[in-house]
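Trainee: Those sequence lines, one after another, are chains U and H. Each residue of the first sequence is one higher than the last, beginning at 1 in this note's numbering. Each residue of the second sequence is one higher than the last, beginning at 1 in this note's numbering.
Simulated from the structure, these hints should not be mistaken for laboratory data. The reader is advised that the hints may include incorrect statements.
[As the list claims (entries may be wrong)] Simulated pairs of lysine to aspartate or glutamate, DMTMM-like, Cα-Cα distance not exceeding 25 Å:
hint, chain 1, residue 1, chain 2, residue 2
1, H, Lys127, U, Glu265
2, H, Lys127, U, Asp268
3, H, Lys126, U, Asp277
4, H, Lys131, U, Asp268
5, H, Lys126, U, Asp268
6, H, Lys113, U, Asp297
7, H, Lys113, U, Glu292
8, U, Lys291, U, Glu280
9, U, Lys50, U, Glu265
10, H, Lys131, U, Asp222
11, H, Lys131, U, Glu246
12, U, Lys363, U, Asp277
13, H, Lys56, U, Asp266
14, U, Lys50, U, Asp297
15, H, Lys56, U, Asp268
16, H, Lys131, U, Asp266
17, U, Lys66, U, Glu318
18, H, Lys113, U, Glu80
19, U, Lys282, U, Asp335
20, U, Lys220, U, Glu246
21, H, Lys56, U, Glu265
22, H, Lys126, U, Glu246
23, H, Lys127, U, Asp266
24, H, Lys56, U, Glu55
25, H, Lys113, U, Asp77
26, H, Lys127, U, Asp222
27, H, Lys127, U, Glu246
28, U, Lys66, U, Asp328
29, U, Lys342, U, Glu55
30, U, Lys269, U, Glu183
31, H, Lys131, U, Asp335
32, H, Lys126, U, Glu265
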Amino acid sequence: MKRIVAILFTTVTLFTASLFGAGKEIVIGCLQDISGPTSSLGKMVEAGAKWHIDEINAKGGVNGAKIKMITYDTKADVNEAINALTRAITSDKVCAIIGPPIANIVLAIAPISEQYNVPILHLAVDIRSEIKDDGTTYKNTFGMQPNNLQMGAIMGQYAIKNGFKTFGVMYNQSNAYAVSLLEPFTKAVTAAGGTVVKEVAYTANDKDYKTLLSPLVSAKVDAIYMPNYTQDLILITQQARGLGYEGALIAGLDAGPPFNTMLGEDCDKIYYINNVDDTEPKLKDMIKAVKEKAGIDATNKFFLGYDIAGILNQVLAETGPDPDKIHDAMLKVKDYDGLTGKITIDPANHMPTGLEMVMFTYKGTTPVMLERYSAK
Amino acid sequence: MQLQIILNGLALGSVYALIATGFSLIFNILKFSNFAHGATMAFCAFAGYFVAAANKMGLVPTIAVAVATGGLVALCGEFVAFRSITVRNASPIYYFVSSITLGTLLEGLVTIKAGANFYNYPLFFKKRIMKFHGLVISTSDVIMFCCSAAALLILVWVIRKTRLGRGLRAVSFDRDTAGLMGINVIRTIQFAFLLSGMLAGLAGVFLGINYTLYPTLGSLVVKGFIASVIGGLGSIAGALIGAVLLGLAETQLVNLVGSTLTPVLTFVIMLVFLLLRPRGIAGSNIQEKA
Chain U
1 MKRIVAILFT TVTLFTASLF GAGKEIVIGC LQDISGPTSS LGKMVEAGAK WHIDEINAKG
61 GVNGAKIKMI TYDTKADVNE AINALTRAIT SDKVCAIIGP PIANIVLAIA PISEQYNVPI
121 LHLAVDIRSE IKDDGTTYKN TFGMQPNNLQ MGAIMGQYAI KNGFKTFGVM YNQSNAYAVS
181 LLEPFTKAVT AAGGTVVKEV AYTANDKDYK TLLSPLVSAK VDAIYMPNYT QDLILITQQA
241 RGLGYEGALI AGLDAGPPFN TMLGEDCDKI YYINNVDDTE PKLKDMIKAV KEKAGIDATN
301 KFFLGYDIAG ILNQVLAETG PDPDKIHDAM LKVKDYDGLT GKITIDPANH MPTGLEMVMF
361 TYKGTTPVML ERYSAK
Chain H
1 MQLQIILNGL ALGSVYALIA TGFSLIFNIL KFSNFAHGAT MAFCAFAGYF VAAANKMGLV
61 PTIAVAVATG GLVALCGEFV AFRSITVRNA SPIYYFVSSI TLGTLLEGLV TIKAGANFYN
121 YPLFFKKRIM KFHGLVISTS DVIMFCCSAA ALLILVWVIR KTRLGRGLRA VSFDRDTAGL
181 MGINVIRTIQ FAFLLSGMLA GLAGVFLGIN YTLYPTLGSL VVKGFIASVI GGLGSIAGAL
241 IGAVLLGLAE TQLVNLVGST LTPVLTFVIM LVFLLLRPRG IAGSNIQEKA
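Start from the sequences, fold in the hints, and give me the full structure.
Mentor: So this is what it looks like as structure tokens:
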């Protein structure tokens, strides 16, 4: 009898404690590629989000409630991501999710997210993460950086503006990010009088690109466009240069640091797009602080993660941890002054409008900011 | 253009040759496919990388570290995963299960240390390319080709000319009779694992230089397996022939039909070999003599 009373007492105490605790904490999820080939991106988003949440919590939290962020590892795998998403929403009862950095994963979870009422604020650039085939939006996914149409067009326009006329394209056809950036670039280039001489595709398991690169090198194209992930970019750069190609290489976000240090050699004539100009004083100070406190070199995904957490905190302050209200408030986000620019969410497509992006190149291994572009 | 593709194919084939030979060596002795070989390659490549990066070492010491690590890991693997199966003369299926388990363990250890990220070896060669009559030859490919050839020549010499090598051939031919003839079977098997591990170390470094380092780098062992099947499972010479042919075929196919169809056609070629000539190109003669 004593044992039963003790068990009952313990249960009631724990239940009561959890009820009180729930009032002081807002639980959000952070679904990221913490391991796997894109872990460098996911870890950086997580670090940026955590940095902002720590700042908010240090100031007393949101309306007196501390934010608790639980991280789930997608392992860059679709099935793992779906399982983690389900666990976060059904088991841990998160009210919002800071979502994955890559399109393949978001494209997989977007239809699954339809059955839940929890907003997912992600970084995939593929507009299919928000827009269904029938043109309507997925209720719960929100893109938090310029989309593929904007990024591809910016890179194409910049290339033409800088005198490149002929282009080769090399892309991973099993990667939604790479595929999504292909057509907008080609359209922009063609519209401005340039020519895409040849496109070559490879698959995720390929590592030896020399034979695929040979026709592009032989065609002596002015630039090779390669909208791929960092590991592929390193291999393509090494092998293109190994074949004697001395022209320009144009890449998406993933040729930004730490690409330069990982390549381990001069990155001259490599052009890439970035969300931020990390030579700005505000960002330089933050990079320094992050290096000192967390020991990491903050890259663009850190600032994107920071901004997502900032928007979420602002929305939570208005709505509290009610997923439906968070969803509605997300649609009304306007002129949020983030590190990556002023963010306004377009309710028609759940994506930001008017965010600028920055073109960069390298001098040796040092990034050099070239020009800002509006991503309208 | 065509000659350039052949050169690319030879470079690719030389990497496959290193994988396939180490793989074949164990098949030759114990008659099973050691799928831990791929993880051993990745383990050694990372060992070489971390030691090289910490001490700012050049290519030769890096290879030395990786090769030594490969020998040690393979010896430990033999003792932990395969010794008792050999001693008990158990069914070959246990070798297979054990090799998969050991491979997973090694890959897991690499992931713990490397965190599933990818790394890049430092630039070992100041002059990256050589141009010859319009052909572009990568320095790393040339060095890899030379190192592979040297390693495989040494291997052939060891197998044909040394006492341990003769023991290796005898054990591969008939383990029981070799034992009755006074050959220390366990030591000979250890020797085979040592050689196989050292080749894995060498292959790992060159794979790392050419394709970056990542914990699942060992998945390229599949190519070594295909090369072995084409050349003749268990035959060192066959593995070499199969690897070079596979490298050439892959680059030609990529050039002709693109990267998407190439893996499909490669596996079709392997299936055709299994169907028409299960013992591969080298056939039984070379297989028996190792």
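Trainee: Hint by hint, which ones does the structure fall short of?
Mentor: 3, 9, 24 and 31
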